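There are 2 protein chains.
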Amino acid sequence: MAPVPTISTDAVDVPVALLGYGTVGAAVHRLLVENAEDIERATGHRLRVVKALVRDPQRARKWLPDPTILTTDFAEIRDDPSIAIVAEVMGGIEPTGTYMRELFAAGKPVVTANKQLLAQRGGDMFGAAKAAGVQLRFEASVCAAIPVIKVLRESLIVTNVRRVLGIVNGTTNFMLTNMEGGADYAGALAEAQRLGYAEADPTEDVGGGDAAAKMAILASVAFGCRITLADVDFQGITEVTQAHVAAARELQMVVRLVGSATLVGSSYDVRVRPSLVDRQHPLAAVDGAFNAVMLQGDAIREIMLEGPGAGGIETASAVVADMVAIMGTHGTGFLQNDSTWRTLQKLPAGELPSPFYVHIEVDDRPGVLARIAERFAAHEVSVSRLIQTPIDSGAAMHVVLHEAPEGRVLRSLADIAELPETRSRPMALPVVSDRGVSGLGWS
Amino acid sequence: MAPVPTISTDAVDVPVALLGYGTVGAAVHRLLVENAEDIERATGHRLRVVKALVRDPQRARKWLPDPTILTTDFAEIRDDPSIAIVAEVMGGIEPTGTYMRELFAAGKPVVTANKQLLAQRGGDMFGAAKAAGVQLRFEASVCAAIPVIKVLRESLIVTNVRRVLGIVNGTTNFMLTNMEGGADYAGALAEAQRLGYAEADPTEDVGGGDAAAKMAILASVAFGCRITLADVDFQGITEVTQAHVAAARELQMVVRLVGSATLVGSSYDVRVRPSLVDRQHPLAAVDGAFNAVMLQGDAIREIMLEGPGAGGIETASAVVADMVAIMGTHGTGFLQNDSTWRTLQKLPAGELPSPFYVHIEVDDRPGVLARIAERFAAHEVSVSRLIQTPIDSGAAMHVVLHEAPEGRVLRSLADIAELPETRSRPMALPVVSDRGVSGLGWS
Chain A
1 MAPVPTISTD AVDVPVALLG YGTVGAAVHR LLVENAEDIE RATGHRLRVV KALVRDPQRA
61 RKWLPDPTIL TTDFAEIRDD PSIAIVAEVM GGIEPTGTYM RELFAAGKPV VTANKQLLAQ
121 RGGDMFGAAK AAGVQLRFEA SVCAAIPVIK VLRESLIVTN VRRVLGIVNG TTNFMLTNME
181 GGADYAGALA EAQRLGYAEA DPTEDVGGGD AAAKMAILAS VAFGCRITLA DVDFQGITEV
241 TQAHVAAARE LQMVVRLVGS ATLVGSSYDV RVRPSLVDRQ HPLAAVDGAF NAVMLQGDAI
301 REIMLEGPGA GGIETASAVV ADMVAIMGTH GTGFLQNDST WRTLQKLPAG ELPSPFYVHI
361 EVDDRPGVLA RIAERFAAHE VSVSRLIQTP IDSGAAMHVV LHEAPEGRVL RSLADIAELP
421 ETRSRPMALP VVSDRGVSGL GWS
Chain B
1001 MAPVPTISTD AVDVPVALLG YGTVGAAVHR LLVENAEDIE RATGHRLRVV KALVRDPQRA
1061 RKWLPDPTIL TTDFAEIRDD PSIAIVAEVM GGIEPTGTYM RELFAAGKPV VTANKQLLAQ
1121 RGGDMFGAAK AAGVQLRFEA SVCAAIPVIK VLRESLIVTN VRRVLGIVNG TTNFMLTNME
1181 GGADYAGALA EAQRLGYAEA DPTEDVGGGD AAAKMAILAS VAFGCRITLA DVDFQGITEV
1241 TQAHVAAARE LQMVVRLVGS ATLVGSSYDV RVRPSLVDRQ HPLAAVDGAF NAVMLQGDAI
1301 REIMLEGPGA GGIETASAVV ADMVAIMGTH GTGFLQNDST WRTLQKLPAG ELPSPFYVHI
1361 EVDDRPGVLA RIAERFAAHE VSVSRLIQTP IDSGAAMHVV LHEAPEGRVL RSLADIAELP
1421 ETRSRPMALP VVSDRGVSGL GWS
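Chains as they are written, first to last, in this note's numbering: chain A, 1 to 443; chain B, 1001 to 1443.
In isolation and in its complexed conformation, chain A is listed as follows (with noise of 0.2 Å):
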């Protein structure tokens, strides 16, 4: 095992290293120079960039103060002993997973913004950085500057979290949002590649899996089990039509893409589902580009923090806090590094219970409501509310179900799509309306 590495408390200054040097990378070099009395007056240093790693230093940057800083070379970093801190904002799953597995060797505490990375192979991340001793913080990985991983790690500690829901994907948000202004699915994503929200290829955000590997790595925090990306069951809102938007607002609901991770017994469930979202529960008021992500558990009922959920500046701002919290704590332990100590098991799929939306399109016939009712009552689902609209020469009916584990309400929805008088596959999107509630029984 490597040394503990020390970071002088005398020396003012403090050299730091970036690996990558794009719209993140110069966010954060601007912050550490242009907020340097702040951070000095914190924690009595000064965080100078001195290196940064890219593979075109003659590419034009957006900010680049001392074009001397840019290297190609890894190993300038790694193995300058001077270098106190590295913050990893390059992305992707290798090289970066190989040169932060040797910064660890080298004894430097290294802060990242790589969701991917940590969702598929945190487990390796966090082991390599816990035999070094040295720190891996990664505010910045999920949600941008709402600063969720250090409210569950460090003010919720006494907390046992058992459901974290949110809102996680900004452009998934955006385009529901436009889409209840009246846009179809095609428009609003049209919109958001406009505006800069959506990547050319849309898919990591629209078909859940960016989404997904943040709820990975909040439900690993929060339950203190290593969960990786292919541990979450996904489903973007490609199927998402203006008739979910319209059935919702006609039930007083929103549609949203919403992560849930949820303890079950010794059990988790992880997953991301577009969803109907009644209109009194705070994710509901989640506008536009932005974030939330409500933390239910014990002590705290439960906890909403709501802001930007990307950005180059805001990425940037949880990345210097988390260099700027390297230098006021000392250890290695579940503060600093992730927090996994147990295993638990996968809930098995279908049992996770939830109340359901059910979009169901059928021929307008005598005794077709009675067939269907009979299909969820053989499944033991039963009917919260029901609104029936005419479609051309037919009827779509929106069927708010009680609370039911999602296999039962599958079996029940593949019965229904035999009976003759169905048109189509119906689709079931879970309903969030509930709210946390103290478990500890005592006040």
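Treat each hint with caution, since some may be false.
What the hints assert, rightly or not - Derived DEER-like restraints, expressed as beta-carbon distance ranges: (1) A:VAL264 x B:ASP1013: 31 to 37 Å; (2) B:GLU1076 x A:VAL264: 43 to 49 Å; (3) A:GLY196 x B:ARG1342: 35 to 41 Å; (4) B:ASP1056 x A:ALA349: 56 to 62 Å; (5) B:PRO1353 x A:LEU410: 54 to 60 Å; (6) A:SER393 x B:GLN1252: 38 to 44 Å.
As the list claims (entries may be wrong) - Over 12 Å on every C-beta distance to chain A, these chain B residues come out as not near it, computed from the model: (7) ALA1060; (8) ASP1079; (9) ALA1105; (10) ARG1194; (11) GLN1345; (12) SER1393; (13) ALA1395; (14) GLY1407.
Note that these hints are calculated values from the structure, not bench results.
Note that the structure is a prediction, hence the values are computed from the model and not measured.
Even glycine gets a Cβ: it sits at the ideal position worked out from N, Cα and C.
On the provided structure of chain A, position chain B as indicated by the hints.
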């Protein structure tokens, strides 16, 4: 100067003490016992309550596994060198302030939930802690379990926070939510008292003093400048009537008791006012006894934190998080104590610009609207929206004004009050509708 206290990082067992053993004190003890394993995983230590100062050891206690910890003698805590951290949960200004100074002098870090002590005598307290080289942490003094102090100090270190907007009193928010449901002021107060949200003497809550103390603390941390309760211009909800609530509804707004702290150039303004909040604004969604704080700044645009702002367990969970933070950090800098480093002037009364809502009751004579409009215009105050509703043989005018300095608005209302048609002195309530924007101008 006393020696900087050292908490041995070798000893697993860390003796701690409580000043006070009421609802919060008992909950702190219980959380420490029931979550001892979580805390040890996070810090390597077990925090064990060895003494608790009380007035009457014979009184029945909610939760007290070991009555021998109770003492009536403060010196037993102050002079016990084994006690590493003290949590102050007794409240009051004296003898509490004297006890805290003596604890600092004895080298003991203190965690406090005492908002009035910090809002009224914060300069003394933080000065004494700094002189002794020990930490004074105070998350629980503002909004219980909502970690707004930690987020302001640690996560937003490179964000110049320019505005803090908060619903920081749960009692009045519960009452105003109830009034939206149709209750009158007296009925809402009675219901709050019945549920234990309001004291028998509700002055501190309904008069705005509780919210003002919290805003003084938040503003001090946000702006890095000592702001005391005496610097906060506050007004409670005692003059809010059903007419205001109904008018707000008509205007797509809700009435909330809003605290605001604003940087204007190199001056500050901190106030608490019943306000009309636009339904689109996130603060409008804060219902019942919940609290929310919105932080607006350069790098983050805006972050909102929402949750239960009161309660024994909720407050205790913040106290415990602060005790744990002391175990994991070193130094007594801006990340540990408060963060005041500069002196700012208070903005002169009446200079803060805001949009306002004004309610004017008049005799319905020809030309009255013209005369009112003339009085506004004479003070360069312009009208954004106006709704006129008939009241017995007269009219109630609900007027929303464009942003203007409060002084000009009040002077125009004084003129309007002198018109022969005006029935009662009109009241002006600020309107909250703005969202934070990035002031950095770079992305």
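38 to 44 Å as the expected CB spacing between B:GLN1252 and A:SER393, which holds or is violated: For B:GLN1252 against A:SER393, whose Cβ atoms are near 39 Å apart, the range 38 to 44 Å holds.
Cβ distance range 56 to 62 Å for B:ASP1056 and A:ALA349, holds or violated: 57 Å, holds
Least C-beta distance from B:ALA1060 to chain A larger than 12 Å: 15 Å, holds
Interface exclusion of B:SER1393 relative to chain A, criterion Cβ beyond 12 Å: 39 Å, holds
Outcome for the supplied range 43 to 49 Å, where the beta carbon pair is B:GLU1076 and A:VAL264: Holds, since B:GLU1076 and A:VAL264 (Cβ atoms, about 47 Å apart) stay within the stated range.
Consistency of the no-contact label for B:ALA1395, given chain A and a CB cut of 12 Å: B:ALA1395 clear of chain A: closest Cβ-Cβ about 33 Å, beyond 12 Å.
Given as non-interface: B:ARG1194, which should sit over 12 Å from chain A by C-beta: Answer for B:ARG1194: holds, closest chain A Cβ roughly 16 Å.
Assertion that B:GLY1407 lies farther than 12 Å from chain A (Cβ): Per Cβ check, B:GLY1407 is outside 12 Å of chain A; nearest 33 Å; holds.
A:LEU410 and B:PRO1353 - C-beta distance against the hinted 54 to 60 Å: Once the Cβ atoms are compared, 56 Å apart, the range 54 to 60 Å for A:LEU410 and B:PRO1353 holds.
Cβ separation of A:GLY196 and B:ARG1342, checked against the hinted range 35 to 41 Å: 37 Å, holds
Distal placement of B:GLN1345 relative to chain A, Cβ over 12 Å: The claim stands: B:GLN1345 keeps its Cβ more than 12 Å from every Cβ of chain A (closest is about 21 Å).
Whether B:ALA1105 stays farther than 12 Å from all C-beta atoms of chain A, as the label says: 24 Å, holds
Violation of the numbered hints given earlier is absent; every hint is satisfied by the structure.
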